[in-house]
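Read off the chains here:
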Amino acid sequence: MNSFRAFVALLVFPGLLYALPVGWLMLGIERKLRARFQGRIGPPLSQPFYDVVKLLAKLPVSRVASDVPMLTALPLLSIGSMIGALALLPVFRGESGFVGDLIVLVSLLEIPPLCFILAGYASRSIYGEVGATREAVVSIASNVPFLTALVAMAASAGSMHSSQIVSSTPWIVRIPALIAILFCLPIKLRLNPFSLANAEQELLGGPLTEFDGPRLALWELAHALEWVALIGFVVVLAIPFRSALWYVNAAGFVLLSLALVPLLTLLAASTARLKVAQATNMMWKWGGGLAALALAAAFFARGGGH
Amino acid sequence: MSGTERGLIYRLVERARRHSAWLYHFNAGACNGCDIELVTCLTPRYDVEQAGIKLEGSPRHADILCVTGPVTRTTREALKTIYGQMPEPKVVVAIGSCPATCNVFAGSPCIDGPVDKIVPVDIYVPGCPPRPHAIIEGISQAIEKLALRKSGAMAGVK
Numbered sequence: 001m002n003s004f005r006a007f008v009a010l011l012v013f014p015g016l017l018y019a020l021p022v023g024w025l026m027l028g029i030e031r032k033l034r035a036r037f038q039g040r041i042g043p044p045l046s047q048p049f050y051d052v053v054k055l056l057a058k059l060p061v062s063r064v065a066s067d068v069p070m071l072t073a074l075p076l077l078s079i080g081s082m083i084g085a086l087a088l089l090p091v092f093r094g095e096s097g098f099v100g101d102l103i104v105l106v107s108l109l110e111i112p113p114l115c116f117i118l119a120g121y122a123s124r125s126i127y128g129e130v131g132a133t134r135e136a137v138v139s140i141a142s143n144v145p146f147l148t149a150l151v152a153m154a155a156s157a158g159s160m161h162s163s164q165i166v167s168s169t170p171w172i173v174r175i176p177a178l179i180a181i182l183f184c185l186p187i188k189l190r191l192n193p194f195s196l197a198n199a200e201q202e203l204l205g206g207p208l209t210e211f212d213g214p215r216l217a218l219w220e221l222a223h224a225l226e227w228v229a230l231i232g233f234v235v236v237l238a239i240p241f242r243s244a245l246w247y248v249n250a251a252g253f254v255l256l257s258l259a260l261v262p263l264l265t266l267l268a269a270s271t272a273r274l275k276v277a278q279a280t281n282m283m284w285k286w287g288g289g290l291a292a293l294a295l296a297a298a299f300f301a302r303g304g305g306h
Numbered sequence: 001m002s003g004t005e006r007g008l009i010y011r012l013v014e015r016a017r018r019h020s021a022w023l024y025h026f027n028a029g030a031c032n033g034c035d036i037e038l039v040t041c042l043t044p045r046y047d048v049e050q051a052g053i054k055l056e057g058s059p060r061h062a063d064i065l066c067v068t069g070p071v072t073r074t075t076r077e078a079l080k081t082i083y084g085q086m087p088e089p090k091v092v093v094a095i096g097s098c099p100a101t102c103n104v105f106a107g108s109p110c111i112d113g114p115v116d117k118i119v120p121v122d123i124y125v126p127g128c129p130p131r132p133h134a135i136i137e138g139i140s141q142a143i144e145k146l147a148l149r150k151s152g153a154m155a156g157v158k
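Chains V and D are the protein sequences, given in the same order. By the count of this note's numbering, the first sequence reaches residue 306 at its end, each step adding exactly one. By the count of this note's numbering, the second sequence reaches residue 158 at its end, each step adding exactly one.
Check the hints yourself; a few may be wrong.
Distance condition first, Cα-Cα at most 35 Å in a straight line; then the derived DSBU-like pairs of lysine-lysine [stated by the list, open to error]:
{"id": "1", "chain 1": "D", "residue 1": "Lys54", "chain 2": "D", "residue 2": "Lys117"}
{"id": "2", "chain 1": "D", "residue 1": "Lys80", "chain 2": "D", "residue 2": "Lys150"}
{"id": "3", "chain 1": "D", "residue 1": "Lys54", "chain 2": "D", "residue 2": "Lys80"}
{"id": "4", "chain 1": "D", "residue 1": "Lys145", "chain 2": "V", "residue 2": "Lys275"}
{"id": "5", "chain 1": "D", "residue 1": "Lys145", "chain 2": "D", "residue 2": "Lys80"}
{"id": "6", "chain 1": "V", "residue 1": "Lys32", "chain 2": "D", "residue 2": "Lys54"}
{"id": "7", "chain 1": "D", "residue 1": "Lys145", "chain 2": "V", "residue 2": "Lys32"}
{"id": "8", "chain 1": "D", "residue 1": "Lys80", "chain 2": "D", "residue 2": "Lys117"}
{"id": "9", "chain 1": "V", "residue 1": "Lys285", "chain 2": "V", "residue 2": "Lys32"}
{"id": "10", "chain 1": "D", "residue 1": "Lys54", "chain 2": "D", "residue 2": "Lys145"}
{"id": "11", "chain 1": "V", "residue 1": "Lys32", "chain 2": "D", "residue 2": "Lys117"}
{"id": "12", "chain 1": "D", "residue 1": "Lys150", "chain 2": "D", "residue 2": "Lys54"}
A short list of chain D residues far from chain V (calculated; beta carbon distances all over 12 Å) [as the list claims (entries may be wrong)]:
{"id": "13", "residue": "Trp22"}
{"id": "14", "residue": "Cys31"}
{"id": "15", "residue": "Thr72"}
{"id": "16", "residue": "Gln85"}
Note that these hints are calculated values from the structure, not bench results. A virtual CB, placed ideally from N, CA and C, is assigned to each residue, including glycine.
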């Protein structure tokens with residue numbers, strides 16, 4: 001990847017210029033559809049954009065000076081890591097990436113939950129601390145199947161190159177691995193059956209309780225980018241073919257990304273929040289089971305582990 | 001600055017404030033009547049989320065403070081703290097007769113109200129309890145005040 005292409009990937013597609021409006025659109029679709037599923041009319045699609053503009057124009061209440069750099073850096077770090085993760089997604093054909101880019105990609109995707117946990121503790125609010133603890137427990141539970149499924153795909157493709165994994169993972173491994181990763185999506189996006197960490201009723205929004213004005217707006221931006229990056233990650237893993245025409249790849253990526261949003265919304269609208277023990281149990285049983293299945297399939301697909 | 005000529009950023013922020021008012025609901029010793037009526041506004045029948053209005057758990061996220069109840073002695077300091085935790089610009093709506101006049105609790109030794117003795121109130125919604133229509137009307141007037149308020153980060157912007 002030369003530096004010009006890297007800049008385009010970071011700033012234009014699938015980076016900032018694409019991810020920001022599409023992130024707002026995804027959050028807008030989620031809120032609108034959830035309202036429709038509940039028999040309400042719901043806010044307009046532009047709602048997340050208005051929320052961010054309004055929050056940016058608020059004057060935060062002054063805090064202890066030592067808190068401010070930390071509380072500002074954490075959302076900025078998650079925004080940056082999400083843009084980096086988006087830029088690493090192998091959407092097009094010629095993108096060779098580099099050896100081990102899957103590891104970088106996954107670690108970048110893991111930074112926002114870490115920042116979210118740190119934000120809860122750094123804000124020194126009791127609600128923030130409880131939310132951070134829940135996020136930590138639940139993200140460990142979701143990362144076991146998530147990483148196992150990725151290891152299964154990488155092992156069956158025989159490579160840590162993300163573009164190689166995308167193109168040469170056999171379907172017998174890809175399908176259970178993808179279902180396991182899809183199962184982790186609502187946890188990573190903190191959507192309803194697994195919205196333990198940001199529970200707005202009992203935890204007042206969890207780790208973000210103490211954030212106000214522009215700093216809360218940064219978190220909203222980070223969350224929108226998280227949607228685009230995580231859904232984009234699943235979509236990139238799901239399509240093994242890359243067309244020679246760049247716009248076919250781009251259109252397929254965008255359309256499939258947007259098609260996943262109603263599914264996640266339907267799940268969120270039709271379920272109630274689980275307890276920590278229930279969510280963890282469910283994740284280990286079903287997610288872990290599927291990931292183990294993918295790992296076993298990978299073992300057999302490679303011919304007994306040569 | 002003339003009243004009508006306003007910059008693009010100011011108009012954008014004004015529009016955003018009109019479309020995204022987040023409420024914080026504070027019960028200052030209310031009998032729960034007004035609280036039920038306020039929550040009713042969020043149900044499918046009235047669905048205030050159409051206008052971007054939503055109920056927030058944390059006062060730090062909120063734009064509009066909805067107070068119900070005459071302020072009792074135990075809730076007075078909490079009301080002050082919560083008002084202080086809300087970032088500017090903010091608007092206070094007093095829902096029901098209690099926060100406006102203390103209603104039937106007036107003269108009680110346990111009551112430190114009405115609300116406007118503790119924090120400045122922008123909109124009063126009378127009624128015991130007021131109907132959801134009246135609450136929505138009051139909140140929409142509060143949003144209008146919020147949008148045009150020249151405070152917060154926009155204080156110096158034309």
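Status of the hints after comparison with the structure:
Taking the CA atoms of D:Lys54 and D:Lys117, the gap is near 27 Å; set against the 35 Å cutoff, the hint holds. This hinted pair checks out: D:Lys80 and D:Lys150 have alpha carbons roughly 22 Å apart, not beyond 35 Å. The suggested pairing of D:Lys54 with D:Lys80 holds, with an alpha-carbon distance near 22 Å, which does not exceed 35 Å. A C-alpha spacing of about 41 Å is found between D:Lys145 and V:Lys275, which places the hinted pair above 35 Å, so the restraint is violated.
Restraint check: the Cα-Cα separation between D:Lys145 and D:Lys80 comes to about 21 Å, which is no more than 35 Å; the hinted pair holds. A hinted pair counts as satisfied when its Cα atoms are at most 35 Å apart, and V:Lys32 with D:Lys54 qualifies at roughly 13 Å. For the proposed pair D:Lys145 and V:Lys32, the alpha carbon gap of about 27 Å is at most 35 Å, so the pair holds. At most 35 Å may separate the alpha-carbon atoms for a hinted pair to count; D:Lys80 and D:Lys117 meet this at roughly 11 Å.
As the CA atoms of V:Lys285 and V:Lys32 are separated by approximately 32 Å, the hinted pair is consistent with the 35 Å bound. Under the criterion of a C-alpha separation no larger than 35 Å, the hint pairing D:Lys54 with D:Lys145 is consistent with the structure, at around 17 Å. The hinted pair formed by V:Lys32 and D:Lys117 fails the criterion: a straight-line CA distance of about 40 Å is larger than 35 Å. Straight-line distance between C-alpha atoms of D:Lys150 and D:Lys54 comes to about 23 Å, which keeps the hinted pair within the 35 Å bound.
Listed as outside the interface, D:Trp22 is inconsistent with that label: its C-beta sits roughly 8 Å from the nearest C-beta of chain V, within the 12 Å cut-off. Every beta carbon of chain V lies more than 12 Å from that of D:Cys31, the smallest distance being close to 22 Å; the non-interface claim holds. Residue-level check passed: D:Thr72 sits 22 Å from the nearest beta carbon of chain V, beyond 12 Å. For D:Gln85, the condition that its CB be more than 12 Å from all CB atoms of chain V is violated, with the nearest at approximately 6 Å.
Of the numbered hints listed earlier, those contradicted by the structure are 4, 11, 13, 16.
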